[in-house]
Amino acid sequence: MNLKPKRSYISSTILWFYSAFTLFVLGYMTYQAFRSKKELLSNTFGWPDVFNFANFKKLFVQADFLRYFFNSAWILVATLVIIILLSSMVAYGIGKFKFRFKNTVLLYFLIGLMFPVQLGIVPIFLLIRDVGLLNSQWGVIIVLASGLSMPVFLLTTFFEKLPNDLYESAKIDGAGEWTTFMRVMFPLASPVIFSICIIMSVQIWNQFFVPLIMLQSEAKKTLPLMIMKFTNNLMYNIDLAMVGSVMATVPILILFFLFSGKVLEGVASGGVKG
Amino acid sequence: MTWFKKRPFLWFILPGFILYSVFSVYPIFSAFQISLNQWDGIGVKKFIGLDNYVELFSNKELFSQLTGAFKHSVFLFLLNTFAVLPAQLYIAYLLYSGIKGHRFFQAMIFSPQFIATPVIVFMGTLIFDGNIGVFNKLLEAVGLGEWARPWMGLPDFGMFIVWIMVAWSGIGVGMIFFLGAMKMISNEVMEAALLEGASYWRRFFSIVLPQIKTTVLNMLILTYIFAMTMFDYSFILGGVSGGINRSVDVMALFFYRIAFGDNSAVGGTMNVNAMGMGTTIACVMFAVIFLVAVIQVITTYRRTED
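From first to last, the protein sequence lines are chains L and X.
Numbering that gives the first Met the number 0 puts the first residue of the first sequence at 0, with every later residue one more than the last.
Numbering that gives the first Met the number 0 puts the first residue of the second sequence at 0, with every later residue one more than the last.
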C-alpha cells in the first residue's frame, strides 16, 4: 500500500530539523563537557585549546557521581521489582478469577490514574516520617511502588483475554495457585510486563518530586537532584553541571538507540487505548 | 482458613491492595481531613472547619498567588492542546504513512523522554542564556544582534520558555501513543479509501482521526492533569518562589511553597499553618482536576456511544 503524501519533502524537512536540533543540543553539551570552566564562561563558542578529561575526573572524584548513580539505580530496581510483582498479582487476581465486586475492585485500582502523587504528598510525607523512613531510600521506593494503577490496568486487560485452558491444564498437572501464577501466567505476560517496565523506568529514573521531598541528606540523593544542585549555582558549577548532564543523559540515550525498535514497540502497545 | 482457601484471588490481590490503599488512596482522604485544621505538621492540630478554604479565597496575597499560578497552568494546558497535540498527530500520521526514515525520526523524537528535567532546563540555559547562550550568538551572526536578550531571565517569556521545554521533551510520548492507535486501524478501511481516491489529508480527517478519537481524548485528559500538576520545570527554573514576579509559578509549585518551602515573603500565618493551608491547596487542585476530568470522561463516552 502506498500511503505516502505527494509532497513529502516539506514534512521531511520539518522532521529533519527537529532531529538535527536534538542532536545538536546533545552534541554541543557533550563537546562543552571537555572544556574547562574558564573557557566555558569566557570563550563559550571558541575552539578548545585541548580536549581534556579534567571535568570527568572532577565529577567522579570530587562530586561523587557514582554514589548518586547507584542511589538512582537502587531506587529504580527496587521499585520496579515491587511494582511488577504486586501489579501482576493484583491483575491476575482480578482478571482470572470470578468473584463479586470484581469490577468495583478494578475501579478502585483505577482511580489512582486521576490522583497524581503531588495531591497526597503532605499526608504521605507525614506517614513516611511517622514510620521513620524519611531520608531513607525505602521511603521513596514505597511511595513510588504504590502507584499501581497503570500497570494493574494494562495487565488486567491482558489476563482477562488469556484463554482458560492454560489455567486448567496447569491445575490438572497438579500445580497450586501460586505455582500456576509464577510458572505459567507470569512468563506469558512478559511482553506486557516489558512495556510496563520501560514506561515505569523512565518515570522512576527521572522522578524529581518524591526524592526532593523525602531525601534530605546529600548521601541519599538521586541523579536529577545532583544535577539540580549544580545548575542552581551555574556560575560556580557550570563545568560539573555540564559533565554531570552528559553522564546522566548520553549513556541512557545510547542504550535507547540500540534497542529503540523494541522499546518503542513496547511503549506503543502499552499506550492509552479506548 | 477455609474461607481464604475458597478465595485464592485474595492472596493475589491483598498485598498490592494494602500498599496501594495506604500510600495512594488514603493520603487523598487524609489530605482533605488535614485541610480542615490549622497545623504546622509537628505541634497540636486545631480543628477550624472550612476556615482554610475561606482564607485561601479571601486573603488577597494568597488569592493572587492562586489565580496567578492557576492562569499559568491553564496557559500551559492550552498551548499543549492547541500546539503540541496537533503536532503529535501530524508527526504520528507522517510516520504511520511510512515517510522515508520513519524509524529514525520516531526514535529521535521520542528520545528527549529519557532526559531528566534538570538536564532539559540546563540545555535550555545553554541555548537561551544571555551570556553563554547559542541563540543570542545566532542572532548576532545573522545581524539581528540588537534582539539578543537574556531570554531565561525575562518574566514575560517565563511560561513560554517553560512550555518550549515541556513541548520539546514531551512531544514523543503522545506521538507514540497516537502511532500505536493508528497502527490498529484495519487495512481494509484504508485500502477502500485509497481505491476511492481519497487524498492524503482527506484520509487523515475522514478515517484516521475518527478511528483514534478515544486515544486523542484520553491524551487530552492526560495533558490536562499534567498541566495542573507540573512542578519540576518551574521549580528548577524559578526556585521555590516561582521566579521573578512569580512569572513561572504553577499550581503544584504554589502548593509546595506553602506546605514545604517557606522562604517566601508571605510570612504571617503561613508558617504556623503550613500543613493545613498546604493540603487545602492540594484539595483545591484536586477539585479542579477532578471536575474537568469527569466532564471530559462523560463527554467522551457519550460521543463514542453514537
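Please note that a few of the clues may not be correct.
[Stated by the list, open to error] Cross-link-like lysine-lysine pairs, in silico, DSS-like; alpha carbons within 27 Å at most:
hint, chain 1, residue 1, chain 2, residue 2
1, X, K182, L, K160
2, L, K36, X, K99
3, L, K160, X, K99
4, X, K212, L, K170
5, L, K56, L, K219
6, L, K97, X, K4
7, L, K97, X, K136
8, L, K160, L, K170
9, X, K4, L, K261
10, L, K228, L, K57
11, X, K70, L, K160
12, X, K99, L, K261
13, L, K261, X, K212
14, X, K70, X, K59
Read the hints as simulated data drawn from the structure, not as lab findings.
Here is how each hint holds up against the structure:
1. For a cut-off of 27 Å, the pair hint linking K182/X to K160/L stands: about 20 Å separates their Cα positions.
2. Between K36/L and K99/X the alpha-carbon distance is near 42 Å, which puts this suggested pair outside the 27 Å criterion.
3. About 36 Å separates the Cα atoms of K160/L and K99/X, which puts this hinted pair outside 27 Å; it is violated.
4. For a cut-off of 27 Å, the pair hint linking K212/X to K170/L is broken: about 42 Å separates their Cα positions.
5. Note on K56/L and K219/L: the hinted pairing holds, with a Cα-Cα distance of about 21 Å set against a maximum of 27 Å.
6. With a C-alpha separation of about 14 Å, the suggested pair K97/L and K4/X falls inside the 27 Å cut-off, and the hint holds.
7. A distance of roughly 66 Å separates the Cα atoms of K97/L and K136/X; the hinted pair therefore is violated under the 27 Å criterion.
8. Using a Cα cut-off of 27 Å, the hinted pair K160/L and K170/L holds, with the two alpha carbons roughly 19 Å apart.
9. For the suggested pair K4/X and K261/L, the alpha carbons sit about 41 Å apart, so the restraint of at most 27 Å is broken.
10. A distance of roughly 15 Å separates the Cα atoms of K228/L and K57/L; the hinted pair therefore holds under the 27 Å criterion.
11. Taking the CA atoms of K70/X and K160/L, the gap is near 44 Å; set against the 27 Å cutoff, the hint is violated.
12. Proposed proximity of K99/X and K261/L is supported: the alpha carbons are some 20 Å apart, at most 27 Å.
13. A hinted pair counts as satisfied when its Cα atoms are at most 27 Å apart, and K261/L with K212/X qualifies at roughly 26 Å.
14. At most 27 Å may separate the alpha-carbon atoms for a hinted pair to count; K70/X and K59/X meet this at roughly 16 Å.
Of the numbered hints given earlier, the model fails hints 2, 3, 4, 7, 9 and 11; all others are met.
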